[in-house]
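What follows is each chain in one-letter form.
Protein chains: 2
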Amino acid sequence: MQEIKKYVDENKQRFLDELFELLRFPSISADPGFKGDVLKTADFVAGKLREAGAEKVEVCPTAGYPIVYGEKIVDASKPTVLVYGHYDVQPADPLELWKTSPFEPTIREGKIFARGACDDKGQFYMHVKAFELMQKTGTLPCNIKFMIEGEEEVGSENLGIFVKENKERLKADVVLISDTAMISLEDPSLETGLRGLSYLEVEVTGPNRDLHSGVYGGAVANPATILCKLIASLHDENNHITIPGFYDDVQSLSEAEREKLNEAPYNEAEYKEDLGVEELWGEQGYTTIERTGIRPTLEVNGIWGGYTGQGAKTVLPSKASAKISMRLVPNQKSSNITQLFKDHFERIAPKYVSVTVTEHHGGEPVVTPTDSIAYKAAEKAIEQSFGKKPIPTRGGGSIPIVALFEEVLGIKTVLMGFGLDSDNLHSPNEKFDIANYYKGIETIPLFHKYFAELS
Amino acid sequence: MQEIKKYVDENKQRFLDELFELLRFPSISADPGFKGDVLKTADFVAGKLREAGAEKVEVCPTAGYPIVYGEKIVDASKPTVLVYGHYDVQPADPLELWKTSPFEPTIREGKIFARGACDDKGQFYMHVKAFELMQKTGTLPCNIKFMIEGEEEVGSENLGIFVKENKERLKADVVLISDTAMISLEDPSLETGLRGLSYLEVEVTGPNRDLHSGVYGGAVANPATILCKLIASLHDENNHITIPGFYDDVQSLSEAEREKLNEAPYNEAEYKEDLGVEELWGEQGYTTIERTGIRPTLEVNGIWGGYTGQGAKTVLPSKASAKISMRLVPNQKSSNITQLFKDHFERIAPKYVSVTVTEHHGGEPVVTPTDSIAYKAAEKAIEQSFGKKPIPTRGGGSIPIVALFEEVLGIKTVLMGFGLDSDNLHSPNEKFDIANYYKGIETIPLFHKYFAELS
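For the record, the sequence lines run as chains L and H.
Per our numbering, the first sequence starts with residue 253, numbered consecutively.
Per our numbering, the second sequence starts with residue 253, numbered consecutively.
Next comes chain L alone, as it looks inside the complex (with noise of 0.2 Å):
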């Protein structure tokens, strides 16, 4: 332990310049329009890989954007750990909501400001920087393979394949994975559970071009309106989902597990000051904890149809749409929950407009064991680290990825995230608090240590 804090401490600067580094490409995955940067940056993590003193790195080709492999083994008969990441970013906009620039990453009272800072250059880049530490300091007790892919934020379909292609190379005894977060420095948690997810797009068509609203205004479906009615069907009263057989298959967890997930702190008045709200809203029949990790969601993302420049326009639009995605929980399946969608929305749609439904991606929700040797060494390192046991929560996001690794490789994940839920991830003003960067480049090689020693 006092060799890593040393070597972190002789090292922080340089620590945070090249994360600053990583954070000023622009590596939006949604946007075909940052193509170029997205490619610059699989070559510069393949290059910061090879210097931290890894073997076989490849830009690996795939339909979409490369994925960064490289590797160290030091001894066969040792186990292995494969560390996922993503190098690419949420798009960045709204910009004009942003005090400093998405791509110039700025420190202000001690965070870091920028796309990407927590999701998920800033973490999966804690675990470059611990792989350098253990290398140069000669205390890698372990193999270790990296899997930095850049299409996690659009549905991660080439990781997919090349898992499928890539079993023998990624062979490995358990997936290691910094993107999610924890509680706080004060209360570290572990997360034990990820939501799935369903993304879709639904366009609603009325007239076959936009009309003057007084002209026709009154006298055929204003799509618009036709969709706002559709959406708003979508939840009841009591804010549960209306699709038909959307709960069918969800996990209902027992008393005790329940009580036992509501043990994590958690305060009302602090979690709606934070984000402004006089009050909080959702499923009811559940708390706060259990409608972002136990419970599906369906939310919408996005919505737009009609004039929406400055001033008045008195147009009665031909199309409206929006964006749609559920998070789903165990055993709730992507592509089923999709269908179901689907259907309903089709079935929904009155008979003066034509909807179209369109899949973006999807994931499968995954519930991480708490008594496997990983998590174990997950909770030791972090005892170590923070001086305080782990707290096990469930994610309210998504990696759709977790549940192909166990799929395909056989092998659970451990989900060591050390962002907050406060860090804006995809939103304006992304931020990764700088002591979490250095907490998380402290507690990694312990996460190794005692995987190499437990096993």
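The set of hints was computed from the structure by calculation and includes no laboratory data.
Since the model is a prediction, treat every value here as computed from it, not as a measurement.
A few of these clues could be false.
The list cannot tell twin chains apart, which means a pair is met if one copy fits it or any two copies do.
What the hints assert, rightly or not - Here are the simulated lysine to any residue pairs, SDA-like style, with alpha carbons at most 25 Å apart: (1) Lys594 / Ser485; (2) Lys603 / Ala484; (3) Lys292 / Gln562; (4) Lys640 / Glu705; (5) Lys594 / Ser674; (6) Lys603 / Asp488; (7) Lys423 / Ile625; (8) Lys594 / Gly528.
Mind docking chain H on chain L? Use the hints.
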């Protein structure tokens, strides 16, 4: 009539060329980015009035865009016609739906395609050319005043002030406006009423920032979902508007009046085919003609919130907004309806969001008399020019200033429109039939003739 036709025939190409020049100005009053173009349009109109023989032509400044005034007083004892029109146009977007550029007028199948072709450049310019014709042929039978404004598409706020401040200058016996439609060249019609307007913008705010839809989804109200619920609730299952008091002042027509109204040519199959819809939508208990003519409506003109770019972004937006307008009928009051909407919308907003309602602009509904000298003159003019007596109809659109003319100047209006409902007003591919343009120029001098004779 022979003389009129001869003059039009001899000047056909020039009449078209001049209109094209006028249509090339992107005089979009709603978008401040086009300010320079709007101002140039005013100067162009003033120049053309002067060339046609108008006197005291002035580009009158206002707090917004100027009003172009010009007059020709032939004899103070003769009646005076005040011609009103507007040189501003609606925004042209969505641009990608235009077959040819909105500000490069193009002829296809005998129609002029351009933003403003019908609304209202093509239509008010007929009056400028008809005036030229009467001047050049020495047949102007009465006094004429022109008032062409540049803010009709954004609520005519400054025209209201101008009219109040220029009562003496604007003194006239009738207001003549071509800014409406007729059924067809085969079934000429005259509008005898216009709907009023209340235009508002609503903004629903949930959390104080965009959130990760996984981390927070299900635990905090999504303003897009709430906006949909609020909008959905504004119409009941019979498509009646649910705002309390909304229908209180609505003038109901007698069975006989409704029957007469429904005698106008209307073919539902053709109407649906033209719009490309399988089924019409509207307030139960009323026909299409009634729904667009004598019943008030509420339309979403635009809606937006969250991520609307390419691909998928799993965001729970902080805000969602909509532009909503209501068309009003006699005896509804725009200010009253605006207030009712505001009160209702604020009242129904649940506690977990905050809403703001901003007024755009409004206008009062009007009914024009069918027993006046002016109406009879218009009827005779059309009968002579088209060979058929015009059918009186009720227009669904709004020209907010008409009610003001009545109130401030104490004079009634004749709505002698030569457009068609299918001219794509406010839509991509706005058009004006060349035949209608020339027919208008031929009919207008007859109106002046009969108005002078009957007065």
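Here is what the structure says about each hint:
no., hint, in the structure
1, Lys594 / Ser485, "both (14 Å within a copy, 24 Å between copies)"
2, Lys603 / Ala484, "both (18 Å within a copy, 17 Å between copies)"
3, Lys292 / Gln562, "between (38 Å within a copy, 21 Å between copies)"
4, Lys640 / Glu705, "within (20 Å within a copy, 100 Å between copies)"
5, Lys594 / Ser674, "neither (33 Å within a copy, 34 Å between copies)"
6, Lys603 / Asp488, "both (23 Å within a copy, 17 Å between copies)"
7, Lys423 / Ile625, "within (17 Å within a copy, 93 Å between copies)"
8, Lys594 / Gly528, "between (34 Å within a copy, 23 Å between copies)"
In summary, the structure is inconsistent with hint 5 from the numbered list given earlier, while agreeing with all the others.
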